[in-house]
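**Q** One letter stands for each residue in the lines below.
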Amino acid sequence: MSKQNNNLPEHPMERLLRMDRIPHIWCSTCGIGTAVSCFISALEKFEYPMDKVAIVSGIGCTGRVAGYIKLDSFHSTHGRAIPFATGLKLANPELKVIVISGDGDLSAIGGNHLIHAARRNMDITVICVNNFIYAMTGGQSAPTTPLTANSSTAPYGNSDPPFNLPLLVGSCGATYVARWTALHIRRLTKSMHEALNKKGFSFIEVIAPCSTLYARRNRLGTGLDLMKFYHDNSEIKHGAPLEELDINFQQKIIVGKFIDKEKPTFVDNWNNWLSQKLGSKFVPYGVAKA
Amino acid sequence: MKADPKGVLTGEHYLDGDHACAEGALAAGCRFFAGYPITPSTEVAERYVSRIPMVGGIFIQMEDELASMAALVGAAWGGKKSMTVTSGPGFSLMMENIGLAAMMETPCVVVNVQRGGPSTGLPTMVGQQDMMQARWGSHGDYQIIALSPASPQEAFDYTIKCFNLAEKYRVPVLFMMDECVGHMTEKVVIPKPDEIEITPRRLTKLAPEKYLPYKTNGDLVPEMIVAGTGYKIHSTGLTHDERGYPVMSPGTQDQLVKRLCDKIKLNADDIIEIEEDQTEGAEVIVMAYGITSRVTLPAVFKARKKGIKVGYIKMITAWPFPEKRVRELAKKVKAFVMPEINLGQMVLEVERCAAGQAKTYHVPHAGGWVHDPEDIYQVIEEAVK
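So the sequences go chain by chain: A and B. Quick note on numbering: the numbering used here labels position 281 of the first sequence as 281, and the sequence is numbered without any gaps. Quick note on numbering: the numbering used here labels position 310 of the second sequence as 310, and the sequence is numbered without any gaps.
Since the hints were made in silico from the structure, they are not lab data. Don't take every hint at face value.
To be verified - Heads up, simulated EDC-like pairs for lysine to aspartate or glutamate below, C-alpha to C-alpha not over 20 Å straight-line:
1. Lys205/B / Asp254/B
2. Lys324/B / Glu275/B
3. Lys232/B / Glu235/A
4. Lys281/A / Asp4/B
5. Lys265/B / Asp254/B
6. Lys258/B / Glu209/B
7. Lys205/B / Asp51/A
8. Lys70/A / Asp241/B
9. Lys232/B / Asp268/A
10. Lys359/B / Glu323/B
11. Lys70/A / Glu47/A
12. Lys52/A / Glu283/B
13. Lys281/A / Asp268/A
14. Lys215/B / Asp20/A
15. Lys205/B / Glu186/B
16. Lys281/A / Glu46/B
17. Lys45/A / Asp20/A
18. Lys192/B / Asp4/B
19. Lys232/B / Glu94/A
20. Lys210/B / Asp20/A
21. Lys277/A / Glu46/B
22. Lys385/B / Glu283/B
23. Lys309/B / Glu47/A
24. Lys210/B / Asp51/A
25. Lys70/A / Glu209/B
What the hints assert, rightly or not - Only some residues are given here: those of chain A computed to face chain B with a beta carbon under 7 Å:
26. Leu95
27. Asn272
28. Ser275
29. Gln276
30. Leu278
31. Phe282
32. Val283
We put the CB at the ideal spot given by N, CA and C, even for glycine.
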């Protein structure tokens, strides 16, 4: 507890962090902490009762985020954060539900859920911290590992082409898609705030350094070196065509906001269609309490 | 409390078991259904989704059974009574998040209309081959509740009981139907709402600052909350302490896993429901469940006509297994006979509990069809010798 030591000032994000769980498990220079800080900053600006905000994570390094945020928070199973969040949101449509999980969790084992939640325009926000690797299990290849990059399961370099995540979710119908690196804290925070205020399926990819595994295996230096790399090699290009957002090993990373549009959500569609078909017999869902 | 009248279709109906199950769920207050189509269970989902728009609730057809089961757990934490329906292949996929539901102590109901397996097996034909999977299917140590109906009426009645037990013990309850019961059509009487007893969620009355999500108060089952009501809880599939926080220690695992098992094991008498007929003074007892409990009856009647003292037990509850009663009876009878549509599953429990004090005879049958009662009779005759 931070209050135990009276000499320590209160942590500025204490209101929204489980201070009794600090220190966290992440390595120094890991980018997940930055993503969490940006998210907390976005939450603080988010004009919504915090009692009605819930976090769901899957499994992995980023999967631990739910456990550190002082809101209703659920640490579900590997890949299933999105369907868990789908159930939570549909059961209680007043909730603002945010999924924070990793690239492997969301796009490999959970890939099917990711595309279907985007297709349905499920009203949730998904924050995907992409460190190009399965870090919790020791640095294996993910569906995001750039071609030629080294991993513990690609010791001679990766020959398996990666996903372009903005293209994937954008083509499935996401209403908000952005990508930033862990260096872009101001812009990332702004995007998170926009996504929180967005109705529908919003998706933010956060490119984050993993110095312990990805950088070390690929001789890319420390987390700081990776931040320098982001600084020198990321290009802000709002509205860039999604097909141009591939990430190649140690080459330019295009960041920005690529999609921001309005579309009815899953529940809107349910209510609109069934009231048309069934008229007054229909009991609209999640609208007003009877 | 009593059933919400909005979901209750009071009256006499002619329904198949799948439709009766959906009506049971609606009567029990189930307002969230996530599912994926699979024969022979799909009609439960079809019935539910045709009715729920007028009742007030939501149905979502998920991308697969992994997603359905995960959504169920999320929906329960969102405050809804939730269910899904499947058959063998989908049941296998659901095991992952049935384990999560057990670990997070999440009330929900999973219906398995069993067909012949393994793998794709016999999609349109009966089986009772998932009974051990129901008990042991997800990894790790946990206890589960599983019921098995023998008629459309029971499909209605015991679906409600499944929901009630799920709430009382905060555990996923498995409703182990079979294709025959799912697809047979019979009279189903749906009572008036005020004649249907409903167990509400065990919501805490404690203030958020005093509440710990996994702290129990004497009865092994912690009180729950609904997400979005200010408690700001954490729940995880990891081994956790009373706060719900992950604690990677053998001591915490020991405490948690033992409680997850004890809350079912020590309440077995309250949970278990069996029907007995002429078990006192019997020489042989035939035990069966689901459709097989009906197919067995001609064999029992024939044996009685021939002067054999045959007792009969219909197991409504499969898990926890009615261990205490079988142990008592094992001291008094010569043998147990268990027909089931598999090559030996629940009979292993009978044998374990009989513990050599009475013989155990199995009447196996592969998936696809029910027993010929004559085959069961032959084994009764053998068992009484």
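**Q** Now tell me if each hint is right for this structure.
**A** Hints and how they fare:
no.: 1; hint: Lys205/B / Asp254/B; in the structure: violated, 28 Å
no.: 2; hint: Lys324/B / Glu275/B; in the structure: holds, 14 Å
no.: 3; hint: Lys232/B / Glu235/A; in the structure: violated, 39 Å
no.: 4; hint: Lys281/A / Asp4/B; in the structure: holds, 17 Å
no.: 5; hint: Lys265/B / Asp254/B; in the structure: holds, 16 Å
no.: 6; hint: Lys258/B / Glu209/B; in the structure: violated, 27 Å
no.: 7; hint: Lys205/B / Asp51/A; in the structure: holds, 17 Å
no.: 8; hint: Lys70/A / Asp241/B; in the structure: holds, 17 Å
no.: 9; hint: Lys232/B / Asp268/A; in the structure: violated, 28 Å
no.: 10; hint: Lys359/B / Glu323/B; in the structure: holds, 15 Å
no.: 11; hint: Lys70/A / Glu47/A; in the structure: holds, 17 Å
no.: 12; hint: Lys52/A / Glu283/B; in the structure: violated, 62 Å
no.: 13; hint: Lys281/A / Asp268/A; in the structure: holds, 17 Å
no.: 14; hint: Lys215/B / Asp20/A; in the structure: holds, 17 Å
no.: 15; hint: Lys205/B / Glu186/B; in the structure: violated, 43 Å
no.: 16; hint: Lys281/A / Glu46/B; in the structure: holds, 18 Å
no.: 17; hint: Lys45/A / Asp20/A; in the structure: violated, 24 Å
no.: 18; hint: Lys192/B / Asp4/B; in the structure: holds, 10 Å
no.: 19; hint: Lys232/B / Glu94/A; in the structure: holds, 15 Å
no.: 20; hint: Lys210/B / Asp20/A; in the structure: holds, 16 Å
no.: 21; hint: Lys277/A / Glu46/B; in the structure: holds, 17 Å
no.: 22; hint: Lys385/B / Glu283/B; in the structure: holds, 10 Å
no.: 23; hint: Lys309/B / Glu47/A; in the structure: violated, 74 Å
no.: 24; hint: Lys210/B / Asp51/A; in the structure: holds, 16 Å
no.: 25; hint: Lys70/A / Glu209/B; in the structure: holds, 13 Å
no.: 26; hint: Leu95; in the structure: holds, 5 Å
no.: 27; hint: Asn272; in the structure: violated, 12 Å
no.: 28; hint: Ser275; in the structure: violated, 9 Å
no.: 29; hint: Gln276; in the structure: violated, 11 Å
no.: 30; hint: Leu278; in the structure: holds, 6 Å
no.: 31; hint: Phe282; in the structure: holds, 5 Å
no.: 32; hint: Val283; in the structure: holds, 4 Å
Comparing the model with each earlier hint shows violations of hints 1, 3, 6, 9, 12, 15, 17, 23, 27, 28, 29; every other hint is respected.
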